[in-house]
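Asks: Residues per chain, in single letters:
2 protein chains.
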Amino acid sequence: MAMKRAGVSAIRALCSSPNLTRRVHSTAGSKKIVGVFYKANEYAELNPNFVGTVERGLGIRDWLESQGHQYVVTDDKEGSDCELEKHLSDLHVLITTPFHPAYVTAERIKKAKNLQLLLTAGIGSDHIDLKAAAEAGLTVAEVTGSNVVSVAEDELMRILILVRNFLPGYHQVINGDWNVAGIAHRAYDLEGKTVGTVGAGRIGRLLLQRLKPFNCNLLYHDRIKIDPELEVQTGAKFEEDLDVMLPKCDIIVLNTPLTEKTRGMLDKERISKLKKGVLIVNNARGALVDTQAVADACTSGHIGGYSGDVWFPQPAPKDHPWRYMPNQAMTPHISGTTIDAQLRYAAGTKDMLDRYFKGEEFPLQNYIVKEGVLAPQYR
Amino acid sequence: MAMKRAGVSAIRALCSSPNLTRRVHSTAGSKKIVGVFYKANEYAELNPNFVGTVERGLGIRDWLESQGHQYVVTDDKEGSDCELEKHLSDLHVLITTPFHPAYVTAERIKKAKNLQLLLTAGIGSDHIDLKAAAEAGLTVAEVTGSNVVSVAEDELMRILILVRNFLPGYHQVINGDWNVAGIAHRAYDLEGKTVGTVGAGRIGRLLLQRLKPFNCNLLYHDRIKIDPELEVQTGAKFEEDLDVMLPKCDIIVLNTPLTEKTRGMLDKERISKLKKGVLIVNNARGALVDTQAVADACTSGHIGGYSGDVWFPQPAPKDHPWRYMPNQAMTPHISGTTIDAQLRYAAGTKDMLDRYFKGEEFPLQNYIVKEGVLAPQYR
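Heads up: the sequence lines are chains B and X, in that order. Numbering-wise, the first sequence is residues 1 to 379 according to UniProt numbering. Numbering-wise, the second sequence is residues 1 to 379 according to UniProt numbering.
These are computed hints drawn from the structure, not numbers from a lab. Certain hints may be false.
If several chains are the same, the list does not tell them apart, and a pair holds so long as it fits within one copy or across any two.
What the hints assert, rightly or not - Dumping the calculated PhoX-like pairs for lysine-lysine here, alpha-carbon to alpha-carbon at most 25 Å:
#, residue 1, residue 2
1, K77, K276
2, K237, K273
3, K111, K77
4, K77, K358
5, K131, K212
6, K113, K225
7, K77, K113
8, K273, K248
Chain B with its partners taken away, still in its complex shape (with noise of 0.2 Å):
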C-alpha cells in the first residue's frame, strides 16, 4: 500500500523501471476521491441496487462524506475538457470501471500528482496505463472475483446463442416471418463440440465447471496448468502450445487478461488456421483481436459468429464494424455489471476505501500494481 513507503524501495529495485518517481503518499486526513461511472437516466430510479451509476455512486457518498472526504462522481471521462480532467490535480482516488472506461493515460497521471491510489470497481485495469502508474509508483487494485461469476454465466450464454443460432430466429419473429428452414440449416446442439478456452483464470474456471454438463470435449491454454480436481471435475485438457489448440476448436473462448503480450492475439494469420466456421466469445477485451480481421473472417464465413461485449474502443462508435459485420451477437459491456456484480464490487471498492484509510493491507489477489510493483502476469 502508499503508505508503507519503508519498504517501495526494496520492491521497487525489483521492478523494471529505473526512473521511479517518488510521490509522497499520506493515508491521514481528507480525501479528494473521484468516481467515473456510466450514467443511469431514467432508469436509475427502476431498481433500488442499481448502485454501480454516477446516480448512485457505488452507494458510498454519505459513508466517505461523513468521515470528512470530498467525493466527485461523473461519466465525463473524454477530452481536455471533461470534469475528470478538472479534479486530476487535486484528487487523492480515483475510482474507475470497466464498462465506461476513463482511460487513464500516462499524461493524466503525469498531471494527477496528488493521486495515490486507482481502484477498478469491477475487473480489468487494463483502461490504465500501468507502466506509467507503477512508474509514478501508485497502488492499482480492482474488486477481484466480484463479478467473475456474472462473466462466466454471459459467455455460456452467447456460446448457446452462437451455436444455435438464435438471432436470424429473433429477427423472423419481430419481422412478421416464419421460416425454420433458414435458422436450422446452421443450428446446432453444443453436445459433443470441442470448446477451448484462451486462458483458465477465475472466469474460465468457472466456464468450464458449467460447460460440463453440456458433454462437450473441452481444452484449456494457459501459463500453468489448473488445479488437477478441477481439471477431473471438468474434464478439461490442458493446451500447451496455443497454436494447437486453436485450430481443433468449434468453439473458442477469450478468458486472457489484455498485456502487452496478449494484445491482438487473434489476428489475420491466427484466424486463417482456424477451423472454417468457428464461433468465437470475447468477454475479455476488445484489443486481444484485430477488429477489421474479424469482421472480414464474419463476412467471409470462415469465423461463424463472434459473440462479445467487449470493443476497443468504448463507447464503441457508431461505424465500428462489428455493429454491422453478419453472424455477430455483441452487446455494449455489461456482462460484469448485472445488478449482482455491482453490488459486489461496490462492496469491494468500498472495502478497500476503508482499508486505505487505516492504512490496511488489500487482499493480495487484488492487486494489479503495488506500491510501483506490476503483479507478475502484467510484467
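Given the structure of chain B, go ahead and fit chain X onto it with the hints provided.
Replies: Below, chain X without anything else, positioned relative to chain B:
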C-alpha cells in the same frame, strides 16, 4: 404394433373408447408413405446434413424405394386442396414433425382409410388428435429422446437471455447506440435465483443437470418424483403442488406435454399469483399458456420476460401478439430441429419404419398410441 392383431382387442378392452373402428392392417407388401416437413429452399445445399426437410426427406428415399415402397414428401399441409389431402385416401404411413406440424384431425383420420401408422419425426404428437387415432386403432409413435438434449440446451440459453437482459444490448449495437444503464438496470446473474420446472421428464431432467453448476435454487413439479440419485445430484426439490411452487420462482420453465389436462395451465389467474418480474421459458407447447394473458402480463411488466419457440398455431400468424409484446425472446419452432437432432430423428424414424416393415415392436418408450391404446400420460 399394427401387425399383432390377435392381441389388439384384448388391449382395446382396457381403453376408454367403446367404439373402436377395427381396421385391417398388414405390414406386408408395398406401402405408401407420406412425409410432411418444412422446406429448405435456398438453404438446402448449404449443409449436407440438413435432412429434416422436404428436399432431403430424412434421407430415406433410396432406402424406401429400393424396397418397393412409395414415398411422397411435401410441406403443403393446410386446407382441403393441399398436397397432404390428396394422399390421405391411400397412404399407409404418415410422418410428421412438430416444427411444421400437419394437424391430423379426426376428419383426416376418417378419410385415411388405409392409414396404420403415424410417426412423429421428433418429440410431441399433440398436432395429432390422439383420441381419434386411438379410436381408429392406429399406432402413433415418436422418436423419443431424439432431441431432448437439443431442447434442454435451448431452454438454458433462453433462461440466460432473459435473466441477463441480452436483447436490449444487442438492439443497441445494431442501432448504433451505447447505453449500459439501459441494459444493466434489469440484468441479473442466474446464480442464486429460484428456477422451477413444470415437468421433470427427459427434457426437464437434462435441464436440471445443466443448471446444477449455476448454483440456483432448483425446484420441480411432476406427477412423480425423479430418481433419488438425480435429486441428490442436481439438488432439485420436489414440489407436489404446482400452485405452491409457481409463486416461489424467479424463473419458470415449462417441460410438460400438451394434454387436455395441461392445456391453458398458465392462465390469467395463475399468472397473477406469480412473482412480479417472473421470467418464463416455454419450449414445450404454446397452448400450455393463455396467449393473450401472457402478452398482457408482459406489457404490464408482471412477467419480466418470456422466451420460447412454441406457438399456437404454427406457423404463427403475422399478427400473433407474442411477436410484438415487450421483453419477448421468441423464435419459430426450432429448438428440437438442430442439425444434430435431425440426424437423430431421421435415424429413429428409419428404424421404426424398418421394424414396421418387418412386423417388429418399436422401442416401448416411443409409443404414444399403441394399436389403439393411449400411453398413460395422455389418458
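Asks: None of the hints should be skipped; say for each whether it holds.
Replies: Hints, one by one, checked against the model:
no.: 1; hint: K77 <-> K276; result: neither (41 Å within a copy, 37 Å between copies)
no.: 2; hint: K237 <-> K273; result: within (21 Å within a copy, 47 Å between copies)
no.: 3; hint: K111 <-> K77; result: within (15 Å within a copy, 74 Å between copies)
no.: 4; hint: K77 <-> K358; result: neither (29 Å within a copy, 76 Å between copies)
no.: 5; hint: K131 <-> K212; result: neither (38 Å within a copy, 42 Å between copies)
no.: 6; hint: K113 <-> K225; result: neither (42 Å within a copy, 67 Å between copies)
no.: 7; hint: K77 <-> K113; result: within (18 Å within a copy, 77 Å between copies)
no.: 8; hint: K273 <-> K248; result: within (10 Å within a copy, 49 Å between copies)
Hint check: violations occur at hints 1, 4, 5 and 6; the rest are consistent with the structure.
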